[in-house]
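Protein chains: 6
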Amino acid sequence: MRNDSREPNQLRPVSITTNVNKHAEGSVLIEVGDTKVICTASIEERVPPFMKGQGKGWINAEYSMLPRATHSRNQRESARGKLTGRTMEIQRLIGRALRSVVDLSALGERTITLDCDVIQADGGTRTTSITGAFVALALAVHHISKTVSFNKYPIRDFLASVSVGVIQERALLDLNYEEDSKAKVDMNVVMTGQGKFVEVQGTGEDAPFSREELNELLALGEAGIAELIEKQREVLGEVAARIGVK
Amino acid sequence: MRNDSREPNQLRPVSITTNVNKHAEGSVLIEVGDTKVICTASIEERVPPFMKGQGKGWINAEYSMLPRATHSRNQRESARGKLTGRTMEIQRLIGRALRSVVDLSALGERTITLDCDVIQADGGTRTTSITGAFVALALAVHHISKTVSFNKYPIRDFLASVSVGVIQERALLDLNYEEDSKAKVDMNVVMTGQGKFVEVQGTGEDAPFSREELNELLALGEAGIAELIEKQREVLGEVAARIGVK
Amino acid sequence: MRNDSREPNQLRPVSITTNVNKHAEGSVLIEVGDTKVICTASIEERVPPFMKGQGKGWINAEYSMLPRATHSRNQRESARGKLTGRTMEIQRLIGRALRSVVDLSALGERTITLDCDVIQADGGTRTTSITGAFVALALAVHHISKTVSFNKYPIRDFLASVSVGVIQERALLDLNYEEDSKAKVDMNVVMTGQGKFVEVQGTGEDAPFSREELNELLALGEAGIAELIEKQREVLGEVAARIGVK
Amino acid sequence: MRNDSREPNQLRPVSITTNVNKHAEGSVLIEVGDTKVICTASIEERVPPFMKGQGKGWINAEYSMLPRATHSRNQRESARGKLTGRTMEIQRLIGRALRSVVDLSALGERTITLDCDVIQADGGTRTTSITGAFVALALAVHHISKTVSFNKYPIRDFLASVSVGVIQERALLDLNYEEDSKAKVDMNVVMTGQGKFVEVQGTGEDAPFSREELNELLALGEAGIAELIEKQREVLGEVAARIGVK
Amino acid sequence: MRNDSREPNQLRPVSITTNVNKHAEGSVLIEVGDTKVICTASIEERVPPFMKGQGKGWINAEYSMLPRATHSRNQRESARGKLTGRTMEIQRLIGRALRSVVDLSALGERTITLDCDVIQADGGTRTTSITGAFVALALAVHHISKTVSFNKYPIRDFLASVSVGVIQERALLDLNYEEDSKAKVDMNVVMTGQGKFVEVQGTGEDAPFSREELNELLALGEAGIAELIEKQREVLGEVAARIGVK
Amino acid sequence: MRNDSREPNQLRPVSITTNVNKHAEGSVLIEVGDTKVICTASIEERVPPFMKGQGKGWINAEYSMLPRATHSRNQRESARGKLTGRTMEIQRLIGRALRSVVDLSALGERTITLDCDVIQADGGTRTTSITGAFVALALAVHHISKTVSFNKYPIRDFLASVSVGVIQERALLDLNYEEDSKAKVDMNVVMTGQGKFVEVQGTGEDAPFSREELNELLALGEAGIAELIEKQREVLGEVAARIGVK
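Chains as they are written, first to last, in UniProt numbering: chain S, 1 to 246; chain Z, 1 to 246; chain V, 1 to 246; chain L, 1 to 246; chain E, 1 to 246; chain Y, 1 to 246.
You may find that some hints are simply not true.
As the list makes no split between identical chains, a pair holds if one copy fits it or if it spans any two.
Calculated pairs, BS3-like style, for lysine-lysine (alpha carbon to alpha carbon, straight line, at most 30 Å) [as the list claims (entries may be wrong)]: (1) Lys56 with Lys182; (2) Lys182 with Lys52; (3) Lys152 with Lys182; (4) Lys52 with Lys146; (5) Lys182 with Lys196.
If you're looking for bench data, these hints aren't it; they were derived computationally from the structure.
Starting from the given sequences, assemble the full structure and let the hints guide the process.
See below:
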């Protein structure tokens with residue numbers, strides 16, 4: 001039995017509130033259980049130096065946790081003077097995942113930066129950030145589309161992410177913090193609305209895992225992501241309609 | 001006429017929601033108009049090196065803005081690798097102000113860190129942070145008092161802060177961002193529940209000001225702070241009762 | 001009785017020696033009691049990026065203390081790899097104060113950087129820096145005026161600064177280090193030759209202060225600054241004549 | 001046809017030279033095609049602060065590339081003043097992977113640091129580092145075993161890693177740099193001698209991938225790793241005998 | 001008797017292997033006894049900002065040691081976030097020495113960066129780096145000469161370096177690590193093929209030295225460098241022929 | 001003819017003013033021509049970590065230039081966030097040179113830090129710093145000797161330094177900035193009161209130099225240093241008497 005009485009294949013309650021920031025071109029507060037992340041999308045009409053002159057856009061992500069998002073207070077990375085390896089790894093993952101469903105040529109020479117700030121953490125902050133950032137991104141692209149006429153809509157597909165893991169020989173969906181800290185195998189899965197994989201990151205630091213376990217985890221993740229994408233569709237309403245249309 | 005139709009001596013709508021963070025010993029979301037700040041208080045049972053062995057506690061504050069708290073996105077200080085002078089100045093101010101109403105000997109050898117994270121900015125973020133952080137601090141001290149018996153209650157008085165300024169020869173209370181950027185004189189006032197000054201910081205970079213203007217601004221600030229302290233009392237409920245009791 | 005036998009409203013001996021540096025366009029050694037600061041003004045024929053294309057100039061200030069300016073040696077900020085919050089706060093204050101009496105449009109697209117290096121510290125280093133930096137600035141603008149014909153003289157007024165504080169219920173002018181470390185209220189005042197306020201920064205970390213105390217402190221500061229400006233006029237000689245002329 | 005005429009399931013030539021460093025307790029030069037990495041293992045008789053007092057050891061990894069390991073010269077991270085996100089991600093991966101086959105309790109309170117320095121890069125530097133670092137680690141543990149009698153041998157199993165990817169709809173083993181830069185899907189697999197997974201990191205930034213493709217890639221990786229482990233056994237000689245013995 | 005049985009005026013065995021890196025325009029592995037350094041030369045068709053528009057080239061050097069090049073492991077400078085004073089001093093020396101034999105005008109507006117990475121250290125790493133870097137530089141200039149027709153060949157002379165020192169009143173050539181750590185006087189000499197001095201850096205931190213000792217050390221260095229330059233000529237083969245030709 | 005009409009073997013006017021800082025245990029203002037350096041000595045009753053438990057003391061030096069010490073303003077190293085290679089090289093040299101005449105065992109477990117801050121620069125700032133720092137050090141050791149009874153006096157000998165160089169084939173003593181920038185060979189010499197060498201650092205970046213030139217430069221330096229040490233003796237008065245006494 002899970003510590004919050006969920007079924008092995010049950011997500012925590014998911015809530016996505018849109019337009020929570022009066023300045024950002026797209027924004028959401030996403031809550032998955034007690035994990036709460038504010039995702040904002042900011043548009044700039046230029047691209048980073050390494051992308052210049054290619055007629056393409058860029059999607060960038062940054063991730064951070066408020067010092068007291070966690071059980072005990074963490075030192076701010078601004079005070080340490082540098083990002084931790086964990087933060088860098090997570091924001092590289094978020095950016096890469098989002099870019100996989102964006103047609104950068106269709107976007108044109110502009111950058112959209114997704115800021116994922118974890119207000120409260122209870123496991124799954126990186127997967128929740130991806131799921132929330134996708135919605136903020138979709139709102140920002142919709143915002144651009146009000147004044148810019150895209151030849152092709154830049155968002156090719158939906159995208160969401162969830163964690164799965166093995167605890168005491170059982171595969172579980174959407175681990176909370178207490179579960180995460182006991183998991184022998186920990187995997188983050190990112191998938192598209194078409195049911196394809198964008199990222200699969202499985203780690204068995206405490207116990208290597210078999211092909212069977214891997215398959216079971218992927219199946220759980222696939223089902224969970226389908227539910228999350230359903231939720232995204234719902235909150236995006238009419239904005240959802242143009243995604244993936246050719 | 002002000003851009004949001006307020007009277008010169010009228011505060012913006014103020015809302016203070018307590019216990020917004022499941023981990024922190026004290027927490028609030030304070031909203032003053034469109035300025036929104038999450039303040040959390042974190043208790044550690046030790047003091048910084050320079051305070052060791054004195055039998056006293058310490059109050060520390062940190063301040064930050066989410067990248068898109070502002071109209072256009074700001075680079076994260078963690079990414080720049082250092083704090084700006086503005087951030088340092090603000091967090092020194094918040095810490096100093098809070099310490100002025102705390103009896104550090106009565107607190108005992110523990111540190112309370114107040115994190116003020118601006119979720120959305122529309123002027124007055126430093127004064128709003130002080131007003132909100134005081135409430136989070138009061139909640140944290142109350143939390144300690146459940147298990148520790150203080151000889152003397154460590155919080156001596158209430159504390160709140162507001163900005164005042166001169167625009168087109170008129171003294172105004174609680175400037176929003178648009179007003180702030182047009183003000184010729186800008187002043188932040190921090191006061192106690194007893195109506196005494198803790199900090200007075202007035203700047204006339206664009207136009208030096210006279211003794212009369214200074215007096216008018218201080219009177220406006222005094223009245224505004226009294227209102228804010230009334231609000232603090234209300235949300236603190238029974239926690240307010242022990243503050244300042246000898 | 002003060003530890004150096006001064007009256008409550010008496011400044012320490014003030015000495016301002018001009019042209020102490022063979023390279024700088026303006027320079028002074030200012031001594032206020034045992035506090036000694038070298039202020040140099042350096043002219044560059046360009047402005048920082050954020051000021052470009054506005055046809056205006058810029059005044060910038062930097063502040064530092066030699067490691068052994070103080071009673072015990074301080075680590076260099078260059079060795080720590082970053083400026084302390086105190087240094088940032090002080091140099092922001094100096095720059096802001098100087099800009100308040102400069103007509104940046106009249107100055108034209110050039111930057112004057114004021115370096116205030118404390119050779120020996122005995123209280124009041126920030127206020128002494130402002131008073132000395134104003135003289136170095138006036139010399140540098142005079143230097144420019146030898147080759148450039150200003151439509152309007154860029155310096156609008158004199159500027160000086162002094163500290164005031166409350167020790168054992170008495171308001172005192174120009175605190176030395178020993179006094180400063182015992183003061184319950186500490187205030188820095190910056191004023192113009194016309195007797196207007198540019199900055200008022202009062203802090204009662206150890207004891208909040210009343211409106212009456214504030215008034216008494218401002219009166220002391222006002223008188224002290226008038227004396228300092230008299231001194232500035234004297235050392236500037238003919239350079240003083242053009243200041244504030246329209 | 002591959003640019004170096006290999007079969008889709010063929011590794012590049014692999015060479016592992018042991019004891020290439022006279023100071024290190026374990027060292028190898030590993031060459032996989034034109035990718036060359038020096039891996040050294042350094043033993044310290046203490047553990048990092050977060051591991052103290054648990055009676056356990058620690059395995060740590062650091063990764064770097066010489067500036068001209070790559071086609072065009074890269075700036076040194078020491079000159080930039082910080083590690084890139086890529087480096088942090090890689091060294092976290094190497095450390096995590098190695099720890100998965102080490103019994104930290106059996107190792108005792110000591111730290112083994114694996115330095116992986118890429119002398120020349122041609123794709124697969126992170127997987128090659130893992131494969132080489134395992135051998136250096138095994139040599140270092142063997143070195144300890146000469147003077148320390150382990151109750152249980154601290155290395156539980158072999159460990160190696162390889163990259164796989166999809167280029168033009170074909171799954172390929174062990175991508176070189178040119179292949180890697182054209183791959184639509186890129187996956188790194190780390191496995192044990194028992195054929196279990198330790199890490200699976202698949203990324204389809206350019207094109208999401210299906211469950212079938214994932215399965216095909218894993219099968220290729222599995223076979224390649226078995227070959228690499230055979231090579232490790234060979235160069236370790238008698239040192240190999242104790243690995244995984246209970 | 002020396003710890004490796006050498007005569008006082010005898011170099012350690014010297015080996016210079018050219019073209020050890022497939023990417024670099026010039027590269028060597030130089031071994032002097034157990035000291036091993038990889039030197040690569042990288043060409044860029046531009047010069048640093050301070051050299052722009054002068055029609056001249058630039059030679060730059062960087063130096064680093066792998067963490068386990070030394071007897072006990074050293075922390076990486078990339079992890080510390082800054083270069084040590086020792087590294088900066090050495091790389092300034094290498095660059096300055098190489099520039100002394102290069103005609104920067106003849107080279108044209110291009111930069112050659114010499115990276116000296118110490119793979120294994122046993123004394124004399126900076127002098128070995130200079131001797132090796134010269135060969136890599138010569139190969140890189142030769143590489144340029146295949147496509148660019150120089151009016152004047154940019155390398156004016158050979159260049160090599162060796163250390164000398166005084167141990168127990170005896171002057172010794174080419175100190176290894178054990179000797180170096182016992183030396184009372186330590187000197188690094190850099191000379192040209194014409195037998196002129198480029199750098200003489202002698203330090204008697206433990207015991208000041210006389211003019212006679214200085215003379216003896218210089219004589220030893222001069223002879224050792226002549227041998228090293230002979231070795232350089234040999235490995236450079238036909239590339240050597242154009243050096244110093246007018 | 002030199003630009004300031006000196007003879008080739010003539011020092012610039014030298015002035016050493018002692019006790020210029022009320023806080024430091026030893027301090028001087030040294031002026032050599034227009035080069036002006038404040039040297040302070042600070043005593044701490046502890047040694048750095050790497051010297052602990054050896055019963056020995058330590059001498060450390062730091063060097064810096066005020067931003068406008070030079071013809072055009074230099075950026076502060078504290079603002080850049082790191083020391084330049086030049087600064088590190090110079091402060092390593094000063095510390096090493098001073099330690100060569102101090103008996104660290106006789107000094108006991110204390111650290112003396114010499115801060116050399118260049119107030120105005122006109123060539124020779126590092127050699128002037130050494131000459132001045134020696135006097136500050138001697139004053140500080142004398143200060144200790146008032147309360148501590150040394151078995152052996154910790155300062156073994158005098159120490160001073162001067163620059164020499166070759167301009168248009170002539171060897172010159174004590175180069176000023178204009179000379180220094182035209183010198184083909186540049187050498188810094190540090191010697192003891194007994195006439196022995198502590199450091200010889202000669203550089204011929206623009207033109208390699210012969211053994212004869214080297215000898216001529218050393219002879220010039222030797223004579224100049226003897227004069228400087230005479231000056232040191234004079235200003236130290238009775239403090240000079242104990243130096244080098246066994």
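Homomeric proximity label, Lys56 with Lys182: Cα distance no greater than 30 Å: between (43 Å within a copy, 19 Å between copies)
Intra- versus inter-subunit Cα pairing at 30 Å for Lys152 with Lys182: between (46 Å within a copy, 25 Å between copies)
Identical-chain pair category, Lys182 with Lys52, by Cα at 30 Å: between (46 Å within a copy, 21 Å between copies)
Intra- versus inter-subunit Cα pairing at 30 Å for Lys182 with Lys196: both (29 Å within a copy, 20 Å between copies)
Homomeric proximity label, Lys52 with Lys146: Cα distance no greater than 30 Å: Result: close within a single copy only, 25 Å intra versus 33 Å inter.
The earlier numbered hints are all upheld by this structure, with none contradicted.
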